[in-house]
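Please arrange chain B on chain A, whose structure you already have, making use of the hints.
In order, the protein sequence lines correspond to chains A and B.
Numbering-wise (our numbering), the first sequence opens with residue 319 and increments by one.
Numbering-wise (our numbering), the second sequence opens with residue 319 and increments by one.
Please note that the accuracy of each hint is not assured.
It does not matter which identical chain is used: a pair holds within one copy or between any two.
Straight-line alpha carbon distances no greater than 20 Å define the calculated SDA-like cross-link-like pairs of lysine to any residue that follow [stated by the list, open to error]:
no., residue 1, residue 2
1, 396, 415
2, 396, 349
3, 396, 378
4, 396, 356
5, 396, 505
6, 396, 504
7, 396, 570
8, 396, 568
By construction, these hints were calculated from the structure, which means they are not laboratory data.
Just so it is clear, the structure is predicted and the values come from calculations on it, not from any experiment.
Protein chains: 2
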Amino acid sequence: MRLGLEIVAVTGLPEIREGDDLGPLIASGAEASDVQLTDGDAVVVAQKIVSKAEGRTRDLAGVEPSERASELAHGLGKDPRLVELILSESVRVVRAERDVLIVETRQGWICANAGIDASNVPGGETVALLPVDPDASARRLRAELAAVADVSPAVLVADTFGRPWRLGQTDVAIGCAGLEVLDDWRGRGDQHGRTLKATTVAVADELAAAADLARNKADGVPAVVVRGAERWVTSDDGPGAALIRRAAEDDLFR
Amino acid sequence: MRLGLEIVAVTGLPEIREGDDLGPLIASGAEASDVQLTDGDAVVVAQKIVSKAEGRTRDLAGVEPSERASELAHGLGKDPRLVELILSESVRVVRAERDVLIVETRQGWICANAGIDASNVPGGETVALLPVDPDASARRLRAELAAVADVSPAVLVADTFGRPWRLGQTDVAIGCAGLEVLDDWRGRGDQHGRTLKATTVAVADELAAAADLARNKADGVPAVVVRGAERWVTSDDGPGAALIRRAAEDDLFR
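Bound conformation, chain A alone:
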């Protein structure tokens, strides 16, 4: 018997616009992609389409940069209007050096540019912000999938973050519903009966990373189904990706 997972791209979704209900669109996209969604699946949705559906896009032409944003932008070589948006979406600047602006977002994520970017957003100067509450977005999408397709898969909202110390970016979960986001093995024994000291599997982030392998940054496959992760799928929505945030007082790098 094979033990494992399957990762399938959901293709053929239309360009998402403000007000679109993602649940029906993803359900029909899955069907067209030959994926019959089940309760044990994990549906990983790109933050970008969630933001678009929720109207979380901004035209830079309408942004008036503050003096602080202008100063910061000058030092970083960034567009002052973009920096204004980044600051308005942040509670704290973690690093502003060279051309890098790393902040703590209102949602509690530490990432570059508050997760704001322009790729795969139509319109010359339009950028997408993170959803206001990505866990709520995931819960809403899960409820929509239950309503239109009578399934309760786990739902993840994934975004692409850089990492200190390592080059390249990986996808991580910024929103979740119906998933055991952290699988805590501490205290359980290994195969030799020795206690595992510090292994808590970041399941949600590993699912997001796995799903990214089925994407293509250019055509922006907006949804991916991971099958075989049913041991982490829960019937209740649970605490969501908020659980992944390390408390500031426990963090050695901010």
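Just chain B now, kept in the frame of chain A:
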């Protein structure tokens, strides 16, 4: 047509001992797990079995802690002999606070405890160190697979690292052969013709994370095959996971 990947656990490997050739063991394990290895596959191997095969285990009973190790261990609440090993495997201490010791290893990785741990290692006080050169380990394993099974899949050596800012650990690649470890989309256009500014997919790390989902920390599935990633598999061994290391002068968090 379905677009996607498949992740399959290779089970049934024996307990690995120093001097074991992993290639033949993984090839026969794959066969027994109903996986016919192909050139387009990525074989993700747990660091632990590579270290065991290479004799990179140490019995703490034989370690004499230095004064510096003893002092550091006292402050951190750790075993001085373990701290001695950690320091001997490191070029620099990045953080030593509370019970956390984060170092830069001789291999150039920044991680807790220099990647040394005791889980899934038999023997009451035996711990496993990282392979001396995990990229060389991956190349060797790839050559062994070519010799015994006439295939040249990508080979990755994966370890479990924590992250700043996010709770839980994910698997990352510390060694690679035959893989495009970073897939650089910078300069290429998105679906709206807008240039992608800063997206370099950390393919090796995402493959390692994906493979971890097919594991189980207790029984320690030591090898996982990821199928469907052939677009990143290369015929030459390439620069390996060393490419992922961010240069100290480009890093804002060390």
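* Asked: How would you label the pair residue 396, residue 504 (within, between, both, or neither) given a Cα cut-off of 20 Å?
  -> For residue 396 and residue 504, only the inter-copy Cα distance (17 Å) is at most 20 Å; the intra-copy one is 44 Å.
* **residue 396 and residue 378: within-copy, between-copy, both or neither at 20 Å Cα** => within (13 Å within a copy, 52 Å between copies)
* Asked: Quick one: residue 396 to residue 356, C-alpha cut-off 20 Å, is that within a copy, between copies, both, or neither?
  -> Neither. Shortest intra-copy (45 Å) and inter-copy (46 Å) distances fail the 20 Å Cα cut-off.
* Pop the pair residue 396 and residue 349 into one bin, within, between, both or neither, using alpha-carbon distances up to 20 Å. => neither (42 Å within a copy, 54 Å between copies)
* **Homo-oligomer pair classification [residue 568, residue 396; C-alpha up to 20 Å]** => The answer is between: 18 Å across copies meets 20 Å, while 32 Å in one copy does not.
* Is it within a copy, between copies, both, or neither that the alpha carbon of residue 396 lies no farther than 20 Å from that of residue 415? -> Answer is within; shortest intra-copy Cα gap is 12 Å, inter-copy 35 Å.
* Asked: Between the shortest in-copy and the shortest cross-copy C-alpha distance, which are at most 20 Å for residue 396 and residue 505: within, between, both, or neither?
  -> For residue 396 and residue 505, only the inter-copy Cα distance (17 Å) is at most 20 Å; the intra-copy one is 47 Å.
* Asked: How would you label the pair residue 396, residue 570 (within, between, both, or neither) given a Cα cut-off of 20 Å?
  -> Answer is between: at 18 Å across copies they meet the 20 Å cutoff, but 28 Å inside does not.
The structure shown violates the earlier hints numbered 2, 4.
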